[in-house]
Structures are given as structure tokens and as C-alpha cells.
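Order-wise, the sequence lines are chains A and B. 1 is the number of the first residue of the first sequence in the working numbering; add one for each residue after it. 1 is the number of the first residue of the second sequence in the working numbering; add one for each residue after it.
By construction, these hints were calculated from the structure, which means they are not laboratory data. All clues stand as given, with none of them false.
Computed list of lysine-lysine pairs in BS3-like fashion (alpha-carbon distance at most 25 Å, straight line):
1) A:71 / B:31
2) B:50 / B:135
3) A:44 / B:31
4) A:48 / B:161
5) A:48 / A:74
Simulated restraints on C-beta separations:
6) B:114 / A:80: 36 to 46 Å
7) A:170 / B:106: 39 to 49 Å
8) A:313 / B:114: 45 to 55 Å
Calculated from the model, a selection of chain A residues having no Cβ within reach of chain B, i.e. all distances over 12 Å:
9) 11
10) 14
11) 88
12) 99
13) 181
14) 247
15) 260
16) 264
17) 266
18) 284
19) 291
20) 316
21) 319
22) 345
23) 412
Bear in mind that the values here come from a model prediction, so they are computed numbers and not experimental data. All C-beta atoms, glycine included, are put in the ideal place defined by N, C-alpha and C.
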Amino acid sequence: MGMTMSEKILAAHAGLESVKSGRLISAKVDLALANDITGPVAIKEFGKSGTKTVADASKIALVMDHFAPNKDIKSAQQCKTCRDFAAEQGIENFFDVGAMGIEHALLPERGLVGAGDLVIGADSHTCTYGALGAFSTGVGSTDLAAAMISGECWFKVPAAIKIVLHGKPTRYVTGKDVILHIIGLIGVDGALYKSMEFVGDGVKNLGIDDRFTICNMAIEAGAKNGIFPVDETALQYMKGRFVREPRIYAADDDAEYEKVIDIDLSSLKPTVSFPHLPENVRTCNEWGDIKIDQVIIGSCTNGRISDMRAAAEILKGRKVAENVRCIIIPATNRVYLQMIREGIAETFIEAGAVVSTPTCGPCLGGHMGILAENERAVSTTNRNFVGRMGHSSSEIYLASPYIAAASAIAGKLASPEDILK
Amino acid sequence: MKISGNVFKYGDNVDTDVIIPARYLNTVSEKELASHCMEDIDANFVKEVKPGDIIVAGENFGCGSSREHAPLAIKASGVSLVIAESFARIFYRNSINIGLSILECPAAAKAVKAGDKLICDLDSGVICDVSTGEKFQSEPFPPFISEIIADGGLIPHLSKKGEL
Numbered sequence: 001m002g003m004t005m006s007e008k009i010l011a012a013h014a015g016l017e018s019v020k021s022g023r024l025i026s027a028k029v030d031l032a033l034a035n036d037i038t039g040p041v042a043i044k045e046f047g048k049s050g051t052k053t054v055a056d057a058s059k060i061a062l063v064m065d066h067f068a069p070n071k072d073i074k075s076a077q078q079c080k081t082c083r084d085f086a087a088e089q090g091i092e093n094f095f096d097v098g099a100m101g102i103e104h105a106l107l108p109e110r111g112l113v114g115a116g117d118l119v120i121g122a123d124s125h126t127c128t129y130g131a132l133g134a135f136s137t138g139v140g141s142t143d144l145a146a147a148m149i150s151g152e153c154w155f156k157v158p159a160a161i162k163i164v165l166h167g168k169p170t171r172y173v174t175g176k177d178v179i180l181h182i183i184g185l186i187g188v189d190g191a192l193y194k195s196m197e198f199v200g201d202g203v204k205n206l207g208i209d210d211r212f213t214i215c216n217m218a219i220e221a222g223a224k225n226g227i228f229p230v231d232e233t234a235l236q237y238m239k240g241r242f243v244r245e246p247r248i249y250a251a252d253d254d255a256e257y258e259k260v261i262d263i264d265l266s267s268l269k270p271t272v273s274f275p276h277l278p279e280n281v282r283t284c285n286e287w288g289d290i291k292i293d294q295v296i297i298g299s300c301t302n303g304r305i306s307d308m309r310a311a312a313e314i315l316k317g318r319k320v321a322e323n324v325r326c327i328i329i330p331a332t333n334r335v336y337l338q339m340i341r342e343g344i345a346e347t348f349i350e351a352g353a354v355v356s357t358p359t360c361g362p363c364l365g366g367h368m369g370i371l372a373e374n375e376r377a378v379s380t381t382n383r384n385f386v387g388r389m390g391h392s393s394s395e396i397y398l399a400s401p402y403i404a405a406a407s408a409i410a411g412k413l414a415s416p417e418d419i420l421k
Numbered sequence: 001m002k003i004s005g006n007v008f009k010y011g012d013n014v015d016t017d018v019i020i021p022a023r024y025l026n027t028v029s030e031k032e033l034a035s036h037c038m039e040d041i042d043a044n045f046v047k048e049v050k051p052g053d054i055i056v057a058g059e060n061f062g063c064g065s066s067r068e069h070a071p072l073a074i075k076a077s078g079v080s081l082v083i084a085e086s087f088a089r090i091f092y093r094n095s096i097n098i099g100l101s102i103l104e105c106p107a108a109a110k111a112v113k114a115g116d117k118l119i120c121d122l123d124s125g126v127i128c129d130v131s132t133g134e135k136f137q138s139e140p141f142p143p144f145i146s147e148i149i150a151d152g153g154l155i156p157h158l159s160k161k162g163e164l
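Extracted from the complex, chain A is given alone in its bound form (with noise of 0.2 Å):
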């Protein structure tokens, strides 16, 4: 029996020929990585374990964006932990305002992660590098400490759900409503445990910021990973960038899936996640009057270029609607200074956006744009729990930068078809 891609790149970095799912297996890893919330309670646990060194600094990124720049004197101090800690162990991956972004778009814009890689991170969407074809899943702590100690991991290999993406989507069509379109399908653990692995005729469709959207929202369909395969588009990207040298792997023609699932790309609707789940999905034609106070542009999921052309797109020579706050969150330095480039910040500021400098923020109802009671916002991030951007009768609208932006102008959940009518 064949293997998925997936397999084989936990094979070769356990030293195996070959694994099947349901394995358990001890491998080496490319890239650890912390942030500013997990980073304190995996270098607590390392203290704890009495070792003195890292078994590998040059494998290891700590990247300040949760709660940075830090917004209060706690987070500060969760800041210096990472940071004297990163002194201390010879950590160059380190990461701090005016260096740092968003870690799921840093890492891969530095070059720092790419095809072929094994990479863990103490982050739910540590998932997002799969679209370079690497194998990349979210850890907690501990097990980031253990891998900071050993530079190793212990997995047990997922099954796979293999899903066959077709044709090209539509003008307003996007990375975003693709992935909420399959989380609708299958459900919030709808792949739990399992791989994501993306193939088919569509893929080329798909630029790789979109493929960058689809694979970070695949553990909230509760999967270990979401991977694509290393077409020209992914090898351009990593041009240049990729420290390493790509490794290119592909699925065995009969590698094993536990469930195929075609998707038709030029079928899909621009489609917005309710509350308070992410697979409470509906497209444009069934959502009715959403009155909003907040849009949020920006985020792990959405905080890249291509988005912020999108968005650009729509709001260019127009104005956010009156009572409506526009926050707009580059994922990346580099982000923000194209934006500045390509005149695209003006456009934003022109439109009565505010535009933030690069943070997760209000994402996780860290900072920069918490909402009130029973107030509603359409955002780009991932997650549309209770509570999760502010008070706990708060409402999340999960979507694209198009709708996003459409939204902002129209004072309510909209579609761009909607404001360019």
C-alpha cells in the first residue's frame, strides 16, 4: 500500500521507509515554534526539566504577536521571558515589534519553513505551512519543551481525508470561502485527528495566499494537518526565500484515504461563517439583514498581500458606513510596507479605515478592536467562538477580505456584488 504525503514526510524525518497511519513515531523537527502566549509556559516546563541548553537554537522561532506591541504590563513580561530566554539560548529566530508579524505569515515569508518540512508549533495554526507541502501541526507547550530539549516529537501518524478540489472559482471567490465551504460540509470535527490533503485540477486555480487560508483553517475542522502539493506556484514562492532546499513529496497513487471528498471551486458562493461555530456556514443568497458595528481585516488567516488588495479592491473610493469601526491588521512588516507602496495604505486611511501595525489582537480578544456587549463584527480570523473577541454576548462573522470590506461599507453583512450593484 502506497503512502499520502503526509506519511512520507513523517517517514523521513523518523528515519523509516515507511508508516502507516496509526503508527506512533518518534521524529526530528525543521522548526519549533513559540509565540508570546505559549512561549512562558514551554520555557517554565524546560526550567522545570533541569536541562540548561537547547538541543538546537538554529531550529527553534519565537515570535512576539499575540498580545504585542504588549498591552499591558503582564504581557510585557511574557515578552521578556521569550526574549532573555532567547538571549540566553543563542536564539536567533527571535522575533520582536519591528521585526516580528503574525508568525503563520512570517515564518514562511522569511524562508523559514517550506516543502518537505517537519514543523511543530505551540499554535493551533501552526497547520498554515502545509500549503508550501510541508508537514506542519499544532502542539501545546510541553511538547514544544520536549522538542526544544530533544529537537524531536512523538506522533501518531493521522488517516487521511483526501480532498479533490475542481475547476476555478468564481470573480469574489476566495481561499477563505473555500475552507469555510468544506468546514460547512464535514463539521468542526469533521476531520478530527486526520490529514487534510488538498489535490486535483483546481489547485493551480488557487494563488498561494489562498492555499495559505485553507490550510490554516484546517484544524478547525479539527484536523492535524492540511497539505498541497508543491506545484510551480509554491516553488516560486519559496524561491529565493526557502532556506533549505524544497524537498518535494507527493501521494503514492494508492495511498490510503479514509474518505474522498470532490469539491467544485466554480460552484461556490461567496460564504460567511455564523456564530458561534465555524461550520455554521451560509452563502451570500441566505443571510439576510446582519447589522455590524466592527470589521476586522487581517490575522493569521487573512493578514497577507493578496488580502490586502482585496479589501483595496472594494473599499478604494468609498467610505466605511457611519458607525462602523474598520481595523485593519497587515499580518507582517513587509505586508504593511507594500501596502504603503502600492498606495493601498491611503486607500484604507482615505476610506476611514484605521490601519494597525501587525498583531493577532482582536482575533483572540487580545487587543485593538474588543467588542462590547452584544455587538457584531465581520472578520477575517478564524475562530467565531462565544467570547472569543470580547464580551461573551458578542457575535463573530467569519469571512473573506471581499465581504469583509463590502460589509464595512454596508453597514452590514454584504457581498461585493452587493456594493457594486
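Fit chain B to the known structure of chain A by using the hints.
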């Protein structure tokens, strides 16, 4: 090991954001985290939970973020065991790693009611609802996982075994 306590009952897809909201993740103090445990879906939990109590929930318990603060907050609140129909992947792993006992048992998770008293034998996997007299069989952990939990988590376990 035997565990005995009263039940706090919750539904499906209890996510880590309601177990411990991110606004409190600016600390690694387990006591402080515990003081906000479950507050967005059950404001009374913190007031009413007693050492040894048991959380019983539906499918996909602990879905969402990878924050280890979630099982840490539950454990520090005094809860001795979480029983669910199923667990989200990262939460499951984190619970073992920090030494929080968990059991997957759909039958018990469906039948047991809030306030029931349970006696659970972690070695045999038998869950007994003292309030109704019903018994349920769950799959117990293999000894090496039970040892990690008994030692208080992965790092203390490895230290004890001299593997660090």
C-alpha cells in the same frame, strides 16, 4: 487510581476560548487561570467547583487553540477528571502532558447528569454513576500514559525516569 466527585455537565464543542478566555492568557499562574475557568459559558463554575469534581461533556471537547492554559486551568480549579464523548486532538495531548486525567466514554457522557456523583477507576476504565447506579466501561490508558499523568505530566515524568 480511583476518583470520586460531582459532575459539571456541558455540551458539544466546548472550545478552549470558553475554558479559558484569551484575555487572561497574559499569565502563566495556574491559580489565576483557574479563577476564570469556564466563565463565559458558566459563571457559577468557579464558585461551585470543589476539589475532585468531574467535568462531563459531549463531542470534540477542547477544540480550538493549542493553549495548554486550558487543561492547566481545569486541573488547577480542582477538577480531577474530564469525561467526554470525544476530545479535540491538541487538548487530548496537552492533558496527558500536564497530568490531567481524561476519559473518552460516549455512553457515560450521554447518560450522566449535572450534579450526579461518579466514582471512576482510571486503571480499569469503569465509570460508576452513584446517583443512578449505572455503570459504564471506558478504554483505560495504557500504563505508560497513566504513569505520565500520575507523575504530574510529561516533564516531571521524564525527570523522574532520568531521561532528561
